[in-house]
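Start from the sequences and build out the full structure, keeping to the hints where you can.
Protein chains in written order, with our numbering: chain A, 3 to 455; chain B, 3 to 455.
The set of hints was computed from the structure by calculation and includes no laboratory data.
Check each hint, because a few of them may be wrong.
Remember, identical chains collapse to one label, so a pair may be satisfied in a single copy or spanning two.
What the hints assert, rightly or not - Calculated pairs, EDC-like style, for lysine to aspartate or glutamate (alpha carbon to alpha carbon, straight line, at most 20 Å):
#1 Lys347 to Asp228
#2 Lys223 to Glu62
#3 Lys223 to Asp202
#4 Lys356 to Glu238
#5 Lys347 to Asp226
#6 Lys223 to Asp252
#7 Lys347 to Glu205
#8 Lys347 to Glu70
Number of protein chains: 2
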Amino acid sequence: MINTLYLPELREMLATQDDAGLQEFCTALHPGRTAEFMEGLSAAEAWAVLLTTDLSTRVEIFGFLPEEVQTEIVEVSDPQEISELIAQMPPDDRVDLLNQVDPAVVEATLPLVPTEERRDILRLRAYPEGTAGAVMTTEVARLSESATAGEALQELGRQAQDLETIYYVYIVDDENHLRGLVSARQLVTHIGRPQTPIADLMERDLVTVEANDDQEAVARKVADYDFLAIPVVDDEQHLVGIITHDDIIDVLQEEATEDAHLAGAVEPLDLSYMATPVLRLTRLRAVWLAVLFAAALLTALALRSYHGTLERVAWLAWFVPLIISSGGNTGSQSATLVIRALTTKEITPDDWVKVMWRELAVGVLLGILLSAAGYIAACTMGLPWFDAFVLPITLMLVVICGTLVGSLLPLLFKRLGLDPALMSTPFVAGIIDIVGIVVLMQVAMLLVRDFAP
Amino acid sequence: MINTLYLPELREMLATQDDAGLQEFCTALHPGRTAEFMEGLSAAEAWAVLLTTDLSTRVEIFGFLPEEVQTEIVEVSDPQEISELIAQMPPDDRVDLLNQVDPAVVEATLPLVPTEERRDILRLRAYPEGTAGAVMTTEVARLSESATAGEALQELGRQAQDLETIYYVYIVDDENHLRGLVSARQLVTHIGRPQTPIADLMERDLVTVEANDDQEAVARKVADYDFLAIPVVDDEQHLVGIITHDDIIDVLQEEATEDAHLAGAVEPLDLSYMATPVLRLTRLRAVWLAVLFAAALLTALALRSYHGTLERVAWLAWFVPLIISSGGNTGSQSATLVIRALTTKEITPDDWVKVMWRELAVGVLLGILLSAAGYIAACTMGLPWFDAFVLPITLMLVVICGTLVGSLLPLLFKRLGLDPALMSTPFVAGIIDIVGIVVLMQVAMLLVRDFAP
Numbered sequence: 003m004i005n006t007l008y009l010p011e012l013r014e015m016l017a018t019q020d021d022a023g024l025q026e027f028c029t030a031l032h033p034g035r036t037a038e039f040m041e042g043l044s045a046a047e048a049w050a051v052l053l054t055t056d057l058s059t060r061v062e063i064f065g066f067l068p069e070e071v072q073t074e075i076v077e078v079s080d081p082q083e084i085s086e087l088i089a090q091m092p093p094d095d096r097v098d099l100l101n102q103v104d105p106a107v108v109e110a111t112l113p114l115v116p117t118e119e120r121r122d123i124l125r126l127r128a129y130p131e132g133t134a135g136a137v138m139t140t141e142v143a144r145l146s147e148s149a150t151a152g153e154a155l156q157e158l159g160r161q162a163q164d165l166e167t168i169y170y171v172y173i174v175d176d177e178n179h180l181r182g183l184v185s186a187r188q189l190v191t192h193i194g195r196p197q198t199p200i201a202d203l204m205e206r207d208l209v210t211v212e213a214n215d216d217q218e219a220v221a222r223k224v225a226d227y228d229f230l231a232i233p234v235v236d237d238e239q240h241l242v243g244i245i246t247h248d249d250i251i252d253v254l255q256e257e258a259t260e261d262a263h264l265a266g267a268v269e270p271l272d273l274s275y276m277a278t279p280v281l282r283l284t285r286l287r288a289v290w291l292a293v294l295f296a297a298a299l300l301t302a303l304a305l306r307s308y309h310g311t312l313e314r315v316a317w318l319a320w321f322v323p324l325i326i327s328s329g330g331n332t333g334s335q336s337a338t339l340v341i342r343a344l345t346t347k348e349i350t351p352d353d354w355v356k357v358m359w360r361e362l363a364v365g366v367l368l369g370i371l372l373s374a375a376g377y378i379a380a381c382t383m384g385l386p387w388f389d390a391f392v393l394p395i396t397l398m399l400v401v402i403c404g405t406l407v408g409s410l411l412p413l414l415f416k417r418l419g420l421d422p423a424l425m426s427t428p429f430v431a432g433i434i435d436i437v438g439i440v441v442l443m444q445v446a447m448l449l450v451r452d453f454a455p
Numbered sequence: 003m004i005n006t007l008y009l010p011e012l013r014e015m016l017a018t019q020d021d022a023g024l025q026e027f028c029t030a031l032h033p034g035r036t037a038e039f040m041e042g043l044s045a046a047e048a049w050a051v052l053l054t055t056d057l058s059t060r061v062e063i064f065g066f067l068p069e070e071v072q073t074e075i076v077e078v079s080d081p082q083e084i085s086e087l088i089a090q091m092p093p094d095d096r097v098d099l100l101n102q103v104d105p106a107v108v109e110a111t112l113p114l115v116p117t118e119e120r121r122d123i124l125r126l127r128a129y130p131e132g133t134a135g136a137v138m139t140t141e142v143a144r145l146s147e148s149a150t151a152g153e154a155l156q157e158l159g160r161q162a163q164d165l166e167t168i169y170y171v172y173i174v175d176d177e178n179h180l181r182g183l184v185s186a187r188q189l190v191t192h193i194g195r196p197q198t199p200i201a202d203l204m205e206r207d208l209v210t211v212e213a214n215d216d217q218e219a220v221a222r223k224v225a226d227y228d229f230l231a232i233p234v235v236d237d238e239q240h241l242v243g244i245i246t247h248d249d250i251i252d253v254l255q256e257e258a259t260e261d262a263h264l265a266g267a268v269e270p271l272d273l274s275y276m277a278t279p280v281l282r283l284t285r286l287r288a289v290w291l292a293v294l295f296a297a298a299l300l301t302a303l304a305l306r307s308y309h310g311t312l313e314r315v316a317w318l319a320w321f322v323p324l325i326i327s328s329g330g331n332t333g334s335q336s337a338t339l340v341i342r343a344l345t346t347k348e349i350t351p352d353d354w355v356k357v358m359w360r361e362l363a364v365g366v367l368l369g370i371l372l373s374a375a376g377y378i379a380a381c382t383m384g385l386p387w388f389d390a391f392v393l394p395i396t397l398m399l400v401v402i403c404g405t406l407v408g409s410l411l412p413l414l415f416k417r418l419g420l421d422p423a424l425m426s427t428p429f430v431a432g433i434i435d436i437v438g439i440v441v442l443m444q445v446a447m448l449l450v451r452d453f454a455p
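Here's what the structure looks like:
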């Protein structure tokens, strides 16, 4: 969505080099809104606008620009100016950004970044994407246990401008082992009693994560406990960073998008839908389509092998799509419910027996419903009343099979250490399709009277 | 997932009335963890454990218990004790809870709640579910513009225990009109200069929401701007409450679950999967299954009307599931991508032309791929080389149709003010099924040579 309200003015100011006007534009609004008004500018134009304002405002607005624009700016602008920007960016954000940028540009820019920041970048880049280490920030308020509440507040005041969050102060010993935390709330509550020792206020039973933990598990932990941030430690309990609430929201959204895409049988995109080139979009979709096509070929082979049956009882062919879609839809529903319950940690693979009974019960009830509808439809379409029983019997079996396959396969995938979301709706439907055809034909061969072989 | 580690000890302590031990259990850990260890206890047992500790700890742990357990505790415990709990709960959480509880119990409990809290509950309950008003809290730190930074910090210190968030202080005039905000970060930064007027520090360009705004739009705003909280105002700019980051995460998760369920053609559940009774689960699934079944009946009618064609060219029936699943899967992919892009506000219905061209391009490319595969499969299965062209032509048309229908229908739904997520994967597939059959038959009638009518 592009907000074009200010675009002509901005371009006019750029053309006339009205730096004062542009600077005013950069500082008048919340940086997030300023960034919104800049959408529609080219990367070069956006960067020219940002160069008119001071470095810290520039960093803030830049952080709200769309990922693609950020990447392009870094790739096309003066490396010296970019290195200053990068040195000031939040540690986690700049690593994300550099991971998107052309590696040749990164190599040209990094040597210009001050040593300390450069080391920090290299350290964070060592963590694989999708881990806690890759989303954490290293700018943390640290204090020793011997401080008082007053000293802690003073220290926080000195550091506040540079810290991503000031809401927790972490207490570490001389070797940077994490000992506890004090919340800004506690400190502010004791503002009248500045001599109170930190040791009396600090929370010692901490929920921590390890740098190699999966980012989704971390996000869910923070969401469950309503934390503003969670400390990240290494395997010797050294405090290496924190992950803050805004990154948690990003992770949760990213994972929700990924799960939604998988549920629709699309390989998750790295970029947004509009920013993904058509060829790449095609490739990400083709993978799954090809797999599903191969599965669907089995239905053609199955139907060919029942060639004789279909010739003798021609009306069977009419109901093939109805049967397989009923089974597929029921299976999709079960898979959807179970995958989401697994994602939100509401169930684990150990609950499979309980899940199976629930789904069996639901399957029988839904089966009764669809069977009744199917029998009426079959009779209405002119089948003999006895032959028409092929439909309800098949539907009953296929629907129950759908609920069981749809619910148990994701659990099995999870147990095997695979992503249960791979059991996408179309994939489950594909499996049930072939089951549906076989069941329909077998039931018909047993039941239909003019079936003299 | 139940953590049964402490259950025997807890039950033992309850049996021997070891209140000191239970109290120790309640205060030793983070309340979220304590609540986890209590899972598996009955509602009555959990409440008995909580009654051993002080009210504020009780409220905290209670807040982390699963929704179902909270509801049951309120329904089965002493109304006087419950009213004390409710009076201390965060305003937004207690309203959510009371909305789940048996109305008769609410009516018995509310008169026992102190007047001020009772009024607050009634006011918040007046906002419809799903609006900003229904998730906001009314406990906000307010100050007048004439205060200094030092006074603001002192005031925050006095109120900190009662506030849900202390990270923003809202500046209001005498009539409670919202004028601006100061962050705790700003106040802490100026801790050495307590005389600084608030007016110098305050942010005046605020992003606000109205109490009747949709909760999902609000959540997305907060996520976009990385806020910790957002102020809620009425139509005269009076500050009526705030929505905090933890509620935002809950809303985003709730909406992600809802969208996932809709994508799998399940009416969203109010409760968790395991907590939803089988009959209710069946009903929520039966609605969509019935709709999809009715759509699928059209395929049976279509195939019956092509009865003659099917008898003359029997092999057409073999390929029906293959054709319709290819179209359905392509359409599901498009719908998934477009729905998610709409949800994350990446596109709007106005982008329909751009989306259409993209999907057309992807459709042609995917069509070429599947057509090639389809032609090879048809020849391998023994069809004459010329007749076999029915397959690639049909696949090409059906796949393109899938991408267009799958992408444009959600956009149309959005434009009409409906939830685009209603265009679930199975629903799009259902529409393409019937298209697939008609296209296959028409192409066959045009192409196949032994089609003497």
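Here's how the hints hold up against the structure:
{"no.": "1", "hint": "Lys347 to Asp228", "verdict": "within (16 Å within a copy, 26 Å between copies)"}
{"no.": "2", "hint": "Lys223 to Glu62", "verdict": "between (28 Å within a copy, 17 Å between copies)"}
{"no.": "3", "hint": "Lys223 to Asp202", "verdict": "neither (26 Å within a copy, 38 Å between copies)"}
{"no.": "4", "hint": "Lys356 to Glu238", "verdict": "neither (39 Å within a copy, 53 Å between copies)"}
{"no.": "5", "hint": "Lys347 to Asp226", "verdict": "within (10 Å within a copy, 26 Å between copies)"}
{"no.": "6", "hint": "Lys223 to Asp252", "verdict": "both (14 Å within a copy, 13 Å between copies)"}
{"no.": "7", "hint": "Lys347 to Glu205", "verdict": "neither (27 Å within a copy, 40 Å between copies)"}
{"no.": "8", "hint": "Lys347 to Glu70", "verdict": "between (33 Å within a copy, 16 Å between copies)"}
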